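If you want the building blocks of each chain, they are given just below.
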Amino acid sequence: MAAPNRGRGAQGSQSRPGRPLLVILIALVALTGGMFISGHTKPRLGIDLAGGTSITLEAKEQPGKQGAINPQNMDTAVGIIERRVNGLGVSEAEVQTQGDRHIIVNIPKGTDQKTAREQVGTTAKLYFRPVLTSAAGSPTAQQPASPTPSPSDTAKTDKAKSDKSDKGDASASPSASSTTQGRALTQGLKQQDESPAASGSPKADESPKADASPAATGSPAPAEQAPAAPGVDAKTQAALDKLDCSTAEKRAAAAETAAKATEKATIVACSEDGAEKYALGAAAVLGTDVDKAQASYDTQQGRGWIVNMDFTGSGGKKFASVTGEISQKAPPQNRFAIELDGQVVSAPSVSESIAGGSAFIEGSFTQASAESLANVLSYGALPLSFEEASVDTVSAALGSEQLQAGLIAGAIGLALVVIYLVFYYRGLSLIAIASLLVSAALTYTIMALLGPTIGFALNLPAVCGAIVAIGITADSFIVYFERIRDEIRHGRSLRPAVERAWPRARRTILVSDFVSFLAAAVLFAVTVGKVQGFAFTLGLTTVLDVVVVFLFTKPVVTLLARTKFFSGGHPWSGLDPRRLGVQPPIRRGRRTAAPLDLTKEA
Amino acid sequence: MSRLGDIGAKLYRGEVGYDFVAKRFIWYGISILITVVALAGFLVRGLNMGIEFQGGAVFTTPQNTQVSVAHAQEAAEKASGHQAIVQQLGGDKLRIQVAGIETSESDKVRSALAEDFGIADAGKIDAQLVGPSWGEQIASKAWQGLWIFMVLVVIYLAIAFEWRMAVAALIALIHDLTITVGVYALVGFEVTPGTVIGLLTILGYSLYDTVVVFDGLKESSKDFTKQTRFTYRELANRSLNGTLVRSINTSVVALLPVAGLLFIGGGVLGGGMLNDIALSLFVGLAAGAYSSIFIATPLVVDLKERDPEIRAHTKRVAARRASDARSAREEKAAEESADADDEPVDAEPAGAAHGGPGVVGGQRRQPSSRGRGRGRPSGKRR
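First to last, the sequence lines map onto chains A and B. With our numbering applied, the first sequence covers 1 to 602. With our numbering applied, the second sequence covers 603 to 984.
I should point out that these hints are in silico values taken from the structure, not numbers from a laboratory. All values derive from a computational prediction rather than experimental measurement. Be aware that one or more of the hints could be misleading.
Covered by chain B, per the in silico footprint, the following chain A stretches (three or more residues, Cβ under 8 Å) [said to hold, decoys possible]:
{"#": "1", "region": "244–254"}
{"#": "2", "region": "311–324"}
{"#": "3", "region": "384–398"}
{"#": "4", "region": "517–527"}
Even glycine gets a Cβ: it sits at the ideal position worked out from N, Cα and C.
Full structure from sequences and hints, please.
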């Protein structure tokens, strides 16, 4: 029909439509497989669709502290808020920074959202309190044989392990806390810049003093529900006896009570993991006395992970005096509890007065636990306060209703687009619909997989973005189809038309998708809140649009161009040359056009 | 469809067409009028800013709340001490807006409302509490995003096309945004973060259409100075007509899902985020489809015609036409007798014309060659 040699230049791209199809098939299968293997077959739903409370906090600098809003401080704050919210016994509460000065706290339904809000909204209270006495966390574990973790459990790993396994057998307590109980106990508080000789000597090192050899465990540890330790009044002892740290809820309740106490009061508190409970004296050093804290790995002394603390001037003095005082006492009163919001995060022992305004805590830290403790300590020094910028409470009923409405809207939108495409493109619309389906499948699986990987949650604006994206995706097909039709109107037969149309359609699609993507990327980068979810879906679907057009639509069109239905220009194929208004190259047709043209040109 | 396809074909070949460029001043006038009205509406009436921008609380009662609007308003105002706006939603739900209350007060108001309405669990009332600075944050971030995007997209379009097209696209974009904002001001729709989202999406979408049109223009005006058959203006108009079907189709297909959203969001849910996004998108997309055809391309032509090179080219085309007309008159008599011989000459190049260089600076005098070169005067095509 048309000069066949014209299409030769483009033949190369036509040759193997199978390959890209194979690629996208593999991608689809892999994504779907991954989705089922990971067990996340549904995208994670945001608070507005699943129900729950979403709190947006805005960071404010404390007066006179410019530049306090920086990524590091924000991350510290996120860490603290996270442990508070999750400390409520809420699972899957989610805390993340957004933009440069906002923190979003998402608390799923089924939580006491009022308490959660109070927790999130209040300022963290960090105190250093001397330990008056300590006991095993659960009151049920009262068998005399129960080896109360002696405060100076050794840091030597092999012994600690055997010790733990012993305990696991002996203790009736089901809380299996032995796995972590070592953490708070094996820590000794040290003076920074200690001379190597001193640190090496058993005297300076706290742990060997009351080495928790199996023999020692049998001996009555001072923390049993035995006669009150010196300095502990009967009331406190009774409260301590009553304190139950066995479950997260009970710990949360205990922490709430403890957090309400003033800094001068004597309190009883649980350790964070519930393994131990303490009676604590008046706060000796406040969280605000800490200038900064950070975790580091000590290679020189072989101490492993340690947490360094620097105190402010007055904080250093207070710390020196109080450490001097308690280091003279017998275990457990030589210990120091770091109490955050009514829970004991760490209770290292002290061997001597620590002067000089800096100290470090050593013990069997892992990198994560050291960093987490450093975070806690830093929070006291964080020059930030937070305000609630917005709070959304969505009941589960409204959430599911919105989700349903979104899905219906999507279905209607999709149906309208399909009807339009069928009406206008007939046979070609099959390709468009198949491409839309592939695109939808990719979007769905990727969204499902992004839930566990980057914490993507599908919220209402994101659903909206996905629906709007139907249009963008279909637009790409239209650009390509119209190009093919243009080529057919030139009098080409289908196969060369398909190949010649592609490079130009490709350019248009790439340029316009790039603009779309640019808009989404800018929105994602600068905006906050729900706008971000929307921008993310829009960007994702734009990228997928390009992928689908290149790897699916084009090869399928190439393949179908070989079938008789399409290449023969069947009236229902959408590519019938006559219906497209191609005029046979005979004189009469041209003639009628000519005068019209002349008038136009003149 | 066949008729649509026919029109498409005729548009493509330039047999039918609307002279967008020649009549551009009409459309400029209309756009300026709309823009002025929109701006006036914005300045005089202002925008109806939603609760998110003032700070306050929105409570939504569960389905089948048997409380009248008047009663709910009274109760809310009593509980909060601030003015309340109550709307009836679908399914006998009530939407109660209380402006100006602190986030900390809202829990009290919520429990008071629950008690008043006889709802056992206050948790069933959905609450959205917004601090006074939240909306400002969203708005300022949106502005920031808008500026960054505009700068980036102008740079990108200047590279991908040319600066004149980038400028025209930007003007069209601002035009769309102004119209959308104007519609909001005049109709009094509430502006919420959803509206802002929709407005920002127009950015990408309005340009999508414009880019499709510009791409056609760029292609058909490639190397156009090498021929003297058509002026730039004519080429632009022709390519606009040629891409008309495509633009209309992409716009319709983009609008359909948004229409679905609007229908569900507005009709079934009776408001909320879906509706807000869809409404601003719908207005913006419609304006975008209009502006990419009636405003953007004519603007490019206006800008282009300021270029001396283009002016010189236009003169050359005019000169050539004059000489053509002269020779056509001379040859007229001869040609009529040679009519029969012309046929084979015409049939042969019909298939191959677009690839051949025949049109470029073509000196052929056969009138038939005009028909061949139509729509693809640029010569080489790939």
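These are the hints, each one checked on the structure:
| no. | hint | verdict |
| --- | --- | --- |
| 1 | 244–254 | violated (count 0) |
| 2 | 311–324 | violated (count 0) |
| 3 | 384–398 | holds (count 11) |
| 4 | 517–527 | holds (count 9) |
Consistency note: the structure conflicts with the earlier hints numbered 1 and 2.
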